[in-house]
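Once you have looked at the hints, place chains B and C on chain A.
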Amino acid sequence: MNQTGYQLAEIVARFGGRVEGDGATRVSQIATLDCANAGQIAFLTNAKYRKQLEATRASAVILSEADADATQMPRIVAANPYSYFARLSAFLNPLREYAPGIHPSAVIGQGAQVSPQAHIGAHVWIGEGASVGAGTVVMVGCSIGENASIGENTRLYPRVVVYHDCVVGNHVIAHSGAVIGADGFGIAMDEGRWLKIPQIGRVVIGDHVEIGANTTIDRGALNDTIIEEGVKLDNQIQIAHNVRVGAHTAMAGCVGVAGSASIGRYCRIGGGAIILGHLQVAENVEVSSGTVVTKSIREAGTYTGTFPFGENREWRKNAAQLRHLDEMADRIKKLEQQIETLKGRE
Amino acid sequence: MNQTGYQLAEIVARFGGRVEGDGATRVSQIATLDCANAGQIAFLTNAKYRKQLEATRASAVILSEADADATQMPRIVAANPYSYFARLSAFLNPLREYAPGIHPSAVIGQGAQVSPQAHIGAHVWIGEGASVGAGTVVMVGCSIGENASIGENTRLYPRVVVYHDCVVGNHVIAHSGAVIGADGFGIAMDEGRWLKIPQIGRVVIGDHVEIGANTTIDRGALNDTIIEEGVKLDNQIQIAHNVRVGAHTAMAGCVGVAGSASIGRYCRIGGGAIILGHLQVAENVEVSSGTVVTKSIREAGTYTGTFPFGENREWRKNAAQLRHLDEMADRIKKLEQQIETLKGRE
Amino acid sequence: MNQTGYQLAEIVARFGGRVEGDGATRVSQIATLDCANAGQIAFLTNAKYRKQLEATRASAVILSEADADATQMPRIVAANPYSYFARLSAFLNPLREYAPGIHPSAVIGQGAQVSPQAHIGAHVWIGEGASVGAGTVVMVGCSIGENASIGENTRLYPRVVVYHDCVVGNHVIAHSGAVIGADGFGIAMDEGRWLKIPQIGRVVIGDHVEIGANTTIDRGALNDTIIEEGVKLDNQIQIAHNVRVGAHTAMAGCVGVAGSASIGRYCRIGGGAIILGHLQVAENVEVSSGTVVTKSIREAGTYTGTFPFGENREWRKNAAQLRHLDEMADRIKKLEQQIETLKGRE
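Protein chains in written order, with my numbering: chain A, 1 to 346; chain B, 1 to 346; chain C, 1 to 346.
Chain A on its own, in the form it takes in the complex (with noise of 0.2 Å):
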């Protein structure tokens, strides 16, 4: 009998939901239905996987109330699987810990406020008057420019860069590679050269937001550019200078944003679609994955922009027509008239 983990009981006191079957039966990771073995709990967060009960070799199973009866084996009945799913296994999955303290390899500038709290890795720079907050984690290679400001609780994985001046909040996640704080993309053109415009705005980021991995907020260019308290980022995405994002939106990899672009709150940016400069999104908008947002959206709702994908000669065939639409259209209004005409005559 399996000792470690922790019984269905002890769950359930933690995180709430009830027990239906044996609550004292044990687990001690997650896995997905299908994958799972003894020991482990799955979850059913879709009915259409309820046939992946049977066959499931979990020792329990997370379920919605309107799934409770799907089956009889050890089961937790909660009012949402999914959240409940995502907590017992932040739960049972804690994150690696890193000892206070900084890293001998580390080179920290003069004035710097390095919070004995935090842990500062092999190879980080951080510059003159920047300071970083208890509990945070910085991993290795990281750079931290001067005068930033890293939160409490928040933990740079390796290699990530926040320029001099910029503002990271607390319980933030920054993945590899990201870059924070790079100047924005402002030039002005003057007698046949690009004259570059000093971006000495900052990166404004709020608690609990989280960054992927090679994804980039650039600088503002007079103002900041903000990204609100709980916005999740995925890897590869480009947030330009002097954007907002609004709370609570979540945007999917190798999104981009352009200038001065202000999104509203819990927005759903698909992957690698494209939103134009100076334009607003409101709240609660979802754009599809590859829509390329020429205009602002007034209203929440979900938004499409793409073509439709085939077999190359089909849409060889089809796409050939576009250059013609304008000239069908006059044609049907031709025929039309002309019709009206034939039927005017008998």
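Warning: the hint list may mix true and false statements.
Given that identical chains are not distinguished, each listed pair holds provided it fits within a single copy or across any two copies.
What the hints assert, rightly or not - In silico EDC-like pairs for lysine to aspartate or glutamate, Cα to Cα no more than 16 Å straight-line:
(1) Lys334 / Glu229
(2) Lys48 / Asp67
(3) Lys48 / Asp34
(4) Lys51 / Asp67
(5) Lys48 / Glu299
(6) Lys196 / Asp207
(7) Lys295 / Glu311
(8) Lys51 / Glu97
(9) Lys51 / Glu314
(10) Lys51 / Glu336
(11) Lys196 / Glu229
(12) Lys51 / Asp69
(13) Lys317 / Glu65
To be clear, the hints were calculated from the coordinates, so they are not data collected in a lab. Since the structure is predicted, the reported quantities are computational estimates derived from the model, not experimental observations.
Then chains B and C, alone, in the frame of chain A:
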């Protein structure tokens, strides 16, 4: 009375233009019309923002001859207010200086030639035979490959990588995470396996080029990849092997240029655009954001190819018809023939 | 007479094919037909470049049986001139070697196993329990997470990050800025806030994989993200959590693959294409550049979905009609009915 900053009279003595109103007015910083405070100078580059002149708290404003009388506040009248603003801002906001010298944690290869006037930051690595010119700042954690050459008065922000043998000009700026000279994507299929084609060309970057954060420029397969002088590349751009980017061309974020494409001078490529391999793009071409350029562009002009986005249900109805466009064209043609037949019968 | 390099006779003895003309001809480098100089060997892989044979200054050329008589210059006739060129170039341009050993500035965690035959560059960090195999080169500034495993004869260019527990095979190449194993984008909405879902899977990368600069491959949420042997990934690609990329599939720059997508073997994905989450793509599928794949592809073939670009004014006229496409289809149907009615009346 604010005694810091510069009098308008001093500014026009240095940068040209003329003062209207009190030339003794002092300003110490640039700001936008709507965010400026006392002691700051704003600028008006577009007549549609004229009404912001009334409410601004700026001490002065830069504007064009055409707008010279739109306000009575102290002002500088300039031929090109935007480039005037760029110059003045660069004067008021000089780049942070870094003292010449090599940080003790930097590793310098045999035979590398580092100017005594260059700054080499912490944890930098400079390969054998590489060179760094006077006035250049190589910030923390950069890696300069063997025999690479970095010119004078160039600035590499933290964690830039330049591969072996590449050439970076003078007055170049490269932001964090930029990778210059990684292998181009050269592979040959051989009996079910890809063979790697050695990439033995270089990247050669001209003077006054700026390269954004996490932008990548691949070395040539046999010949070089060329970025001509004055090119401005935003973040997250991918320039493939053997591309040539003509002088003073500007590309916004997330652009991808495939192998051996040749882009003319003074082009402007919108964010997320893709230019396919081996294409030619003429001078002074503007490509709209999100456009996929699938054949060469021989004439200056603006080119676009994005699917108009819309509310998802509307898009869905219209997009469904796209698969029938070729058939629709046939039906219109048939209708036209039938109409002609009917008309002929009368 | 050039005494460096290799005689054509020596080359065919090593790589096969046959010499026509003087087998004593010496070549020391590969070049394109139009850029080659004396002492260099060029190659003809496409009959449409045949006329370049007349003007080339190359000392020899590699060509196919079909083109064997297109020139009388010294030449190697090979079944597949392109792969022959790849092999010969790899022979003439061996990768720079780095001596085994650990740079004194590198930081090696407790229990890490680094082969004495591995090269560990300056400012590298290797976490506790990680391993690096013989013949592997870990260049400056790389970060290898705790318990990660790097195989033999693998090369990590400067500033590659491998997160904890990930597995990288043998003969793998990863270019600068690549991030392997960052957290996938797993979040669950819970009472107005996103909860983070721990990403406890790994990334597992097979042998002979190449990963481009600034490409990111996320670790799995519960199960692993899998990159099978021989996969070639260009720069700036995003591979989300739990994706499987089948053996020998090649992806060009800026591709995004969303979570849990499964790509078959020997696929070719064009630059900037997007593949949505949970989709299946069969073997031998080619996806055109810039295509958004929104549903599973069950059969081999070429698939495309880009909007044909054009001069902006033309595009604008045609694109405007796109919003009326559904209505146009209705109007055509109505016209057809009216025509039938009119024809019936006669």
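Taking the hints in turn, this is what the structure says about them:
In this assembly of identical chains, the alpha carbons of Lys334 and Glu229 never lie at most 16 Å apart, being 56 Å within a copy and 53 Å across copies at closest. With identical chains, the CA atoms of Lys48 and Asp67 are at most 16 Å apart within one copy only, with a shortest distance of 11 Å there and 59 Å across copies. Taking CA atoms no more than 16 Å apart as the test, Lys48 paired with Asp34 passes inside one copy only; the shortest distance there is 14 Å, against 54 Å between copies. Taking identical chains as interchangeable, the C-alpha atoms of Lys51 and Asp67 lie at most 16 Å apart only when both belong to the same chain, with a minimum of 11 Å there against 61 Å between chains.
For a Cα distance limit of 16 Å, the shortest separation of Lys48 from Glu299 qualifies neither inside one copy, at 32 Å, nor across copies, at 25 Å. Taking identical chains as interchangeable, the C-alpha atoms of Lys196 and Asp207 lie at most 16 Å apart only when they sit on different chains, with a minimum of 14 Å there against 32 Å within one chain. Within a single copy, Lys295 and Glu311 get their C-alpha atoms only as close as 31 Å, which misses the 16 Å cut-off; across copies the closest is 12 Å, which meets it. Taking identical chains as interchangeable, the C-alpha atoms of Lys51 and Glu97 are never at most 16 Å apart, the minima being 39 Å within one chain and 55 Å between chains.
In the homo-oligomer, the alpha carbons of Lys51 and Glu314 never lie at most 16 Å apart, since the shortest distance is 37 Å inside one protomer and 35 Å across protomers. In the homo-oligomer, the alpha carbons of Lys51 and Glu336 never lie at most 16 Å apart, since the shortest distance is 55 Å inside one protomer and 49 Å across protomers. With identical chains, the CA atoms of Lys196 and Glu229 are at most 16 Å apart between copies only, with a shortest distance of 14 Å across copies and 31 Å within one. Proximity of Lys51 to Asp69 under the C-alpha cut-off of 16 Å is restricted to the intra-copy arrangement: shortest distance 13 Å within a copy versus 66 Å between copies.
Taking the shortest Cα distances, Lys317 and Glu65 never come within 16 Å of each other, neither inside one copy (51 Å) nor across copies (36 Å).
The structure is inconsistent with the numbered hints 1, 5, 8, 9, 10, 13, although it conforms to all the rest.
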